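Student: In case you want the letters, here they are:
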Amino acid sequence: MSIEDQERDEVLLKRSAKGDEHAFTQLYRRYQAQIYRFARRMTGETWGAEEIVQDVFMTLVREPRKFDPDRGTLGAFLYGVARNRVMKHLERRPREFPLEVRSEEGEAKVVDIADQRTPAHLAEMRERREQVRSAVLALPPEFRETVVLCELEELSYEEAAKILECPVGTVRSRLHRGRALLLAKLELLREVPKRANAVL
Amino acid sequence: MNCEEFANLDPDLEALTQGGEHDAAREHVRNCPACAALYESSQRLRAELRDLGSATAQATAPSRVEMRLRQEFRTRHTTEKNRGRAIVAGWLLAAATIVLVGGSLFVWRGAKNQVAHNEPATAPEAAEAAASGPELGGTLIAENDGEEFALIPGALPGLQDETTVVRVQMQRGALSALGLTVNEEHANDLVEVDLLLGADGQPQAYRLPQEAN
Numbered sequence: 001m002s003i004e005d006q007e008r009d010e011v012l013l014k015r016s017a018k019g020d021e022h023a024f025t026q027l028y029r030r031y032q033a034q035i036y037r038f039a040r041r042m043t044g045e046t047w048g049a050e051e052i053v054q055d056v057f058m059t060l061v062r063e064p065r066k067f068d069p070d071r072g073t074l075g076a077f078l079y080g081v082a083r084n085r086v087m088k089h090l091e092r093r094p095r096e097f098p099l100e101v102r103s104e105e106g107e108a109k110v111v112d113i114a115d116q117r118t119p120a121h122l123a124e125m126r127e128r129r130e131q132v133r134s135a136v137l138a139l140p141p142e143f144r145e146t147v148v149l150c151e152l153e154e155l156s157y158e159e160a161a162k163i164l165e166c167p168v169g170t171v172r173s174r175l176h177r178g179r180a181l182l183l184a185k186l187e188l189l190r191e192v193p194k195r196a197n198a199v200l
Numbered sequence: 001m002n003c004e005e006f007a008n009l010d011p012d013l014e015a016l017t018q019g020g021e022h023d024a025a026r027e028h029v030r031n032c033p034a035c036a037a038l039y040e041s042s043q044r045l046r047a048e049l050r051d052l053g054s055a056t057a058q059a060t061a062p063s064r065v066e067m068r069l070r071q072e073f074r075t076r077h078t079t080e081k082n083r084g085r086a087i088v089a090g091w092l093l094a095a096a097t098i099v100l101v102g103g104s105l106f107v108w109r110g111a112k113n114q115v116a117h118n119e120p121a122t123a124p125e126a127a128e129a130a131a132s133g134p135e136l137g138g139t140l141i142a143e144n145d146g147e148e149f150a151l152i153p154g155a156l157p158g159l160q161d162e163t164t165v166v167r168v169q170m171q172r173g174a175l176s177a178l179g180l181t182v183n184e185e186h187a188n189d190l191v192e193v194d195l196l197l198g199a200d201g202q203p204q205a206y207r208l209p210q211e212a213n
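Chains A and B supply the protein sequences, listed in that same order. Counted from 1, the first sequence has number 30 at position 30 by this note's numbering; the numbering is strictly sequential. Counted from 1, the second sequence has number 111 at position 111 by this note's numbering; the numbering is strictly sequential.
One chain only, chain A, in its complex shape (with noise of 0.2 angstroms):
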């Protein structure tokens, strides 16, 4: 982000901390998506994700001195507090996986009609792509908030470890740990279907 983006976030938010709305909305909408989509990837819950996004943004209401520009962007600042929300969340979530089997993309999906793979095709894609769901969301929180925010949100690993408050050297041990557990587990679920084909 430039420091012009980042002298527009300030005024914003001191505008909005004076009770101007226009500026608040301005603010939420620069930062509500990248933040709702660390909730989601992080959580696996839609809901789950529009409450840490609700509260994050309540922060910036409530108390909206506690970003200190000194010490980072009101992006870092922003995704800081929900990384605590998700893991609070975590916390006081069962130890279940959620019954939400909803796709990813959201609710609107859009067919691309240019699209030559076949239905086949594009099913064993989905349920691949739900297999790396799966298998991301089972990681420790960790790992999981360093491959979702590395490898999803494809930030750097210094912007990561702004975030994260830990050094760049966490960050590439826990990716390195957090893709190899990934590795595992998606090649072990890509070896039973052989091994069934085999059988038969």
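If you're looking for bench data, these hints aren't it; they were derived computationally from the structure. Among the hints, a few may not be true.
Straight-line alpha carbon distances no greater than 25 angstroms define the calculated SDA-like cross-link-like pairs of lysine to any residue that follow [what the hints assert, rightly or not]:
#1 185(A) / 54(B)
#2 14(A) / 83(B)
#3 18(A) / 88(B)
#4 185(A) / 4(B)
#5 18(A) / 77(B)
#6 88(A) / 4(B)
#7 88(A) / 53(B)
#8 185(A) / 37(B)
#9 185(A) / 29(B)
#10 14(A) / 53(B)
#11 14(A) / 67(B)
#12 88(A) / 65(B)
#13 81(B) / 54(A)
#14 81(B) / 55(A)
#15 185(A) / 51(B)
#16 88(A) / 59(B)
#17 88(A) / 79(B)
#18 18(A) / 53(B)
#19 18(A) / 59(B)
Nothing here was measured: the structure is a model prediction, and the numbers come from that model.
Chain A is fixed; fit chain B onto it per the hints.
Tutor: Chain B in isolation, oriented as in the chain A frame:
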């Protein structure tokens, strides 16, 4: 490079395809089928993660979240504004009360001083008159109505700052205690008597207004 060293490079595997400083790693992949398989799996995983990432990249919070937040924002700032107004109004009210109480106190004290200033002006004169009265054969004169006061026997009038004149009703027979001669036939009649009271509340002198009339 051995397999362990190669495995530790995992986060930077992408560098293998981009060339650069990992020639040794590239060489190892070419010669080691296990690490080549690991590399391939890792690349596939990254592709799958990227696919998952791009599939969910457009996800945004539903508009109801924005509505709820804006509603909360409005409520909060309206409440804060009202609270601010209430605080200002409270302070103004408190200031007005203080001014009112202070003013009342000032007026009351002024009035009290006025009364205190007026009354002692009569009392010392009356006391002086009383002092020069019975012992010297004189009388006390109350300034308010110009009647004469007679000193009560045994009373020792001094120069007192605060004396008060009170009008009381008493039986005529009780006047004998003041050293007056009383007709016993009318001893039960009520008469009005003005008493000059000292600061200690003890009567010092008296007069009979109806007799003066």
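Student: It remains to establish, for every hint, whether it holds in the given structure.
Tutor: Consistency of the hints with the structure:
1. 185(A) / 54(B): Measuring from Cα to Cα gives roughly 21 angstroms; hence the hint holds.
2. 14(A) / 83(B): Holds, at about 20 angstroms.
3. 18(A) / 88(B): Between residue 18(A) and residue 88(B) the Cα gap is close to 18 angstroms, so the pair holds against 25 angstroms.
4. 185(A) / 4(B): holds, 21 angstroms
5. 18(A) / 77(B): Judged against 25 angstroms, a Cα distance of about 8 angstroms means the pair holds.
6. 88(A) / 4(B): Violated, at roughly 37 angstroms.
7. 88(A) / 53(B): holds, 24 angstroms
8. 185(A) / 37(B): Measuring from Cα to Cα gives roughly 16 angstroms; hence the hint holds.
9. 185(A) / 29(B): holds, 23 angstroms
10. 14(A) / 53(B): Between residue 14(A) and residue 53(B) the Cα gap is close to 33 angstroms, so the pair fails against 25 angstroms, i.e. violated.
11. 14(A) / 67(B): holds, 21 angstroms
12. 88(A) / 65(B): holds, 20 angstroms
13. 81(B) / 54(A): holds, 23 angstroms
14. 81(B) / 55(A): holds, 23 angstroms
15. 185(A) / 51(B): holds, 17 angstroms
16. 88(A) / 59(B): holds, 22 angstroms
17. 88(A) / 79(B): violated, 29 angstroms
18. 18(A) / 53(B): violated, 37 angstroms
19. 18(A) / 59(B): violated, 30 angstroms
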